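Per the UniProt record's numbering, residue 1 is the first one in the sequence shown, and the count goes up by one each step.
Source of the hints: derived by calculation from the structure; they are not laboratory data.
Note that the structure is predicted; figures quoted are calculated from it, not measured.
Keep in mind that a hint or two might mislead.
Derived DSBU-like pairs (lysine-lysine); straight-line CA-CA distance at most 30 Å [claimed, not checked]:
1. Lys75 <-> Lys174
2. Lys75 <-> Lys187
3. Lys187 <-> Lys84
4. Lys174 <-> Lys187
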Amino acid sequence: MESLSALRDAVLIAPRQSDRRLVALAGAPGSGKSTLAHHLAEALDRAGSPSQVVPMDGFHLDNRLLEPQGLLDRKGAPETFDAKGLCRLVAALGGQSPVYYPLFDRTRDIAIAGAGVLQDDCDTVIVEGNYLLFDAPEWRALSQYWDVSVRLDVPLHVLRSRLVDRWLNEGLDKSDAIARAEGNDLKNAQRIDANRLPCDLLYANVGQDE
Numbered sequence: 001m002e003s004l005s006a007l008r009d010a011v012l013i014a015p016r017q018s019d020r021r022l023v024a025l026a027g028a029p030g031s032g033k034s035t036l037a038h039h040l041a042e043a044l045d046r047a048g049s050p051s052q053v054v055p056m057d058g059f060h061l062d063n064r065l066l067e068p069q070g071l072l073d074r075k076g077a078p079e080t081f082d083a084k085g086l087c088r089l090v091a092a093l094g095g096q097s098p099v100y101y102p103l104f105d106r107t108r109d110i111a112i113a114g115a116g117v118l119q120d121d122c123d124t125v126i127v128e129g130n131y132l133l134f135d136a137p138e139w140r141a142l143s144q145y146w147d148v149s150v151r152l153d154v155p156l157h158v159l160r161s162r163l164v165d166r167w168l169n170e171g172l173d174k175s176d177a178i179a180r181a182e183g184n185d186l187k188n189a190q191r192i193d194a195n196r197l198p199c200d201l202l203y204a205n206v207g208q209d210e
C-alpha cells in the first residue's frame with residue numbers, strides 16, 4: 001500500500017474493540033512515522049472521524065536513569081523506553097476520558113508528563129512509534145489493543161540517508177552524523193526488522209521522512 005487515501009479507507013472500515021479506534025503506525029527510525037501519522041489524522045478528520053496522534057516517544061526513560069546503566073549512547077533502543085507505562089496508556093486510550101499522556105521535548109531531550117491530552121470528541125487514536133509491533137517481552141502485549149496495525153516499509157539505504165540528513169540538520173558534522181546513524185539508529189532499525197510481529201497493513205513510505 002502506498003496511497004494515503006487507501007490507508008484512510010482501510011482504517012475507516014476496520015472494526016473497533018472499544019469506543020475509540022486505535023491505530024498503530026510502527027516503523028524504524030527515519031521511516032516517516034510522525035509525518036504519516038499527522039497526514040493520516042488530517043485525512044480522517046476530513047472524512048468525519050476526529051483523530052489525534054499519540055507518539056510513543058513520551059516514554060523515553062530519562063537520561064539520569066540511562067547513564068548509570070551505560071545506555072545513554074543507545075537511547076532509542078527498546079530497553080531505553082518505559083514499555084509497561086506505554087502499555088498502560090494504550091489500554092486506556094480506547095474509552096477512558098480524559099486521557100493524559102507524556103510528550104518528548106527534543107530540544108531539552110526529556111519526556112514531559114501530562115503534556116498531551118486526548119480530547120473528548122476523539123474518534124480515532126493514531127499511536128506512532130518504533131516498537132509498537134515488536135516481538136519481545138513487555139512489548140508484545142501492545143498488539144492486543146490495535147484495531148488496525150500498520151508497518152512502514154522503507155529500504156535500509158533510504159533509512160540511512162534520511163538519518164544522516166537528520167543528524168546533519170541537528171548540527172553534527174558529516175562523520176559524526178554517519179556515526180550516530182550507523183552506531184545507534186540503524187542498529188535499532190535492524191533489530192526491529194528481525195523481531196517483527198504480524199501487521200494488518202504494510203505501507204511503502206519511500207516519499208517522506210519524519
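Each hint, compared with the structure:
1. Lys75 <-> Lys174: 20 Å, holds
2. Lys75 <-> Lys187: Distance of about 11 Å is within 30 Å: holds.
3. Lys187 <-> Lys84: 23 Å, holds
4. Lys174 <-> Lys187: 19 Å, holds
Checked against the numbered hints given earlier, this structure breaks none of them.
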